[in-house]
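*Asks:* Sequences and hints are given; from them, build the entire structure.
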Amino acid sequence: MTAPARDAVSLGSAAPRMSPTLIRQVPDGIPATEMSYQEAIREALREEMVRDERVFLLGEDIGKHGGAFGVTRTLFDQFGPERVRNTPISENTIVGTATGAALVGMRPVAEIMFVDFSGLAMDQIATQAAKLRFMTGGQCSVPWVLRMPQGGGAGKSTAAQHSQSLEVWFAHIPGLKVVLPSTPYDAKGLMKAAIRDDNPVVFLEHKLLYSFRGLVPQEEYVVPLSKCDVKRTGGDVTVIASGYMVWHAMLAAQILEPEGIDVEVVDVRTIAPLDEETIGTSARKTGRVVVVAEAVRQYGPANEWAMVAIERAGALRAPVVRVAGRNSPIPFANSLEKGVWPDTQDVVAAIRQVVAG
Amino acid sequence: MEDRALLLEMFRRMTRIRQFELAATNLFKRGQLKGTVHTYIGMEASGVGVCLALGPDDLIAGTHRSHGHNIAKGADVSRMMAELLGKETGYCKGRGGSMHIAAFDTGSLGALAVVASGIPLAVGAGLAFQMRGEDRVAVPFTGDAGSNTGNWHEGMNLAAVWRLPVVFVLENNHYGVSTNIEDVTGVTDLSVRAAGYGVPGVRVDGFDVIAVYEAARAAVARARSGEGPTLLVTESYRFDGHYAGEPEVYRDRAEVERWRANDPIVRFRHYLESEAGVAPGELDGIVSEVDGDIEAAIAFAKSGPEPDPATAMDYIYA
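The listed protein sequences correspond, in order, to chains E and L.
One point on numbering: in the numbering used here, the residue at position 262 of the first sequence is 273, and numbering is uninterrupted.
One point on numbering: in the numbering used here, the residue at position 32 of the second sequence is 373, and numbering is uninterrupted.
Please keep in mind that the hints were generated in silico from the structure rather than gathered at the bench.
Since the structure is predicted, the reported quantities are computational estimates derived from the model, not experimental observations.
Just so you know, even glycine gets a beta-carbon here, dropped at the ideal spot from N, CA and C.
There's no promise every hint is true.
Claimed, not checked - Cβ pair distances, simulated, as ranges: (1) E:ARG295 x L:GLY474: 52 to 58 Å; (2) E:PRO92 x L:ALA637: 50 to 56 Å; (3) E:GLU58 x L:GLU350: 46 to 52 Å; (4) E:MET133 x L:GLY372: 53 to 59 Å; (5) L:ARG565 x E:MET133: 32 to 38 Å; (6) E:PHE343 x L:GLY474: 47 to 53 Å; (7) E:GLU322 x L:GLY372: 38 to 44 Å; (8) L:ASN603 x E:HIS76: 32 to 38 Å; (9) L:ALA559 x E:GLU93: 26 to 32 Å; (10) L:ARG558 x E:ASP63: 34 to 40 Å.
*Replies:* See the structure below:
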């Protein structure tokens with residue numbers, strides 16, 4: 012794998028902009044409502060809480076305050092303090108309490124305010140919840156969802172302890188499922204699937220996507236876990252991405268369309284267990300693969316996707332090109348922040364490189 | 342205490358734990374039991390006193406040293422021994438072993454071998470019981486060393502704030518591996534830690550099964566009545582090292598012998614014979630019955646099949 016030169020392209024002022032119209036998931040004629048990613052998650056929680064009285068929420072400041080990003084706003088008023096439970100700042104105990112309740116038949120949805128704080132809860136996430144079913148020989152299951160905002164960029168300036176992309180921390184642990192939706196449609200459908208799943212599901216929400224709007228069907232639907240989604244079909248290059256990076260990939264695809272480069276975008280909307288089949292099928296079809304992840308380059312998720320593509324596709328027509336966050340903590344200053352996260356131009360450059368290769 | 346049947350059941354379960362642990366140690370020393378064994382010898386009165394104060398629907402959260410807790414709660418020693426030998430017929434189908442042995446059918450939330458990690462699980466179970474209006478109690482066991490973890494303090498606080506039906510049992514066996522609790526803790530009476538959470542702290546002689554039972558019963562009754570958690574400290578001691586065969590360089594032989602002289606089973610037997618009017622022959626009968634159970638358990642465990650390697654990936658996901 013080789014990396015493209017960072018400043019290989021300049022998009023210029025006429026470049027297409029990030030827009031919700033880049034991804035359309037609801038066919039014409041299906042009654043749908045436009046809502047934000049944040050609202051979509053909230054509606055999923057609301058519907059599941061109405062549908063199943065075993066579902067309840069716990070976390071820091073999720074009551075009246077509605078959580079640090081407002082996702083649970085209004086739910087406290089609707090469901091009350093019994094089912095929308097403010098906790099002390101005790102991350103390990105928030106998760107462990109969810110595990111205990113899940114073991115006896117509840118369906119807790121716990122929130123940790125930022126994924127960066129999950130280090131405080133890692134024993135309960137990775138060493139207890141993920142392994143309980145296995146090490147008891149299937150005597151129990153742990154059906155919880157752990158919501159955690161992650162990621163950053165776009166000049167939000169939350170610096171080193173509130174901006175990380177940590178999906179691989181969890182994806183490395185067998186027993187956990189890890190979800191990272193990229194659109195309002197996916198966020199709602201995946202949340203409903205996660206709540207109904209009998210396993211511990213780490214549900215990562217990208218902070219920059221909270222305000223992204225998109226159409227969500229009015230009828231109930233569920234997006235199955237453990238499946239990738241082909242967000243755009245194309246014949247020349249496969250771009251594999253997740254979360255916010257899917258949008259960079261879609262934009263890059265649109266930019267390159269006039270040049271006759273036909274890009275397929277595979278959205279890894281469940282990080283683990285990984286849907287290797289869809290990645291393999293796409294890589295076999297195009298023979299050229301770009302992997303894009305916001306998380307740091309070293310041992311990052313993109314590397315896993317690249318390996319799966321290589322293993323499953325056999326001979327690729329060009330070396331895989333990787334676009335990833337730099338091996339750095341996230342800095343505060345906007346100018347520095349821009350230098351750390353991948354951008355649309357990085358994806359464009361990578362696609363040109365793999366096509367030329 | 343008047344309840345003769347209960348007294349005899351206490352004796353039976355304490356004896357069952359002791360004999361099970363001796364058998365497990367023996368198998369370990371002969372190399373027939375792999376891994377590690379943390380025995381509960383010397384602590385039988387603590388687990389039995391607590392678990393007999395619980396109903397079948399109440400749940401316990403165990404630790405790396407939970408053979409005794411499981412037996413006290415009524416687990417089947419044959420399936421337990423099979424688990425220790427890594428057999429498919431064990432409680433955890435050979436996936437857990439000694440440190441994770443947990444009998445869910447007799448009321449377990451699992452045995453978690455990271456110190457005090459079971460605390461929040463019991464808090465969560467207690468929360469579920471409270472939310473559903475169920476008359477059930479959750480009991481996390483920890484040792485003295487566990488009371489220095491974040492899990493323990495966070496769990497005590499949350500259970501107190503939400504008035505959850507949780508009885509925190511802290512078995513003070515005085516050592517976390519090799520470290521004496523007094524060397525790493527600012528108070529000698531661990532029950533005073535409860536005051537920091539607005540929770541009653543009760544300290545009881547962990548060698549006296551009746552005292553433990555009565556203290557546990559009061560704490561359980563308090564939990565059931567909605568008054569919230571209690572910290573129950575059972576002053577105890579482990580006669581063996583941290584694990585079977587551990588060299589114990591950190592404590593004097595004389596210290597161990599002093600505690601061993603106060604063996605909780607010997608002491609209870611003396612009580613039963615001299616004050617409860619139980620004939621020695623009846624107690625001998627219980628001991629032989631238990632011996633028979635343990636022999637049968639070993640035979641059951643040895644004859645059981647090993648898990649099929651083709652099933653190594655089972656039970657990772659539901």
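*Asks:* Hint by hint, note whether the structure agrees.
*Replies:* Here is how each hint holds up against the structure:
no. : hint                            : in the structure
1   : E:ARG295 x L:GLY474: 52 to 58 Å : 56 Å, holds
2   : E:PRO92 x L:ALA637: 50 to 56 Å  : 52 Å, holds
3   : E:GLU58 x L:GLU350: 46 to 52 Å  : 49 Å, holds
4   : E:MET133 x L:GLY372: 53 to 59 Å : 35 Å, violated
5   : L:ARG565 x E:MET133: 32 to 38 Å : 34 Å, holds
6   : E:PHE343 x L:GLY474: 47 to 53 Å : 50 Å, holds
7   : E:GLU322 x L:GLY372: 38 to 44 Å : 41 Å, holds
8   : L:ASN603 x E:HIS76: 32 to 38 Å  : 54 Å, violated
9   : L:ALA559 x E:GLU93: 26 to 32 Å  : 28 Å, holds
10  : L:ARG558 x E:ASP63: 34 to 40 Å  : 36 Å, holds
Taken one by one, the earlier hints fail for this structure at numbers 4, 8, listed in ascending order.
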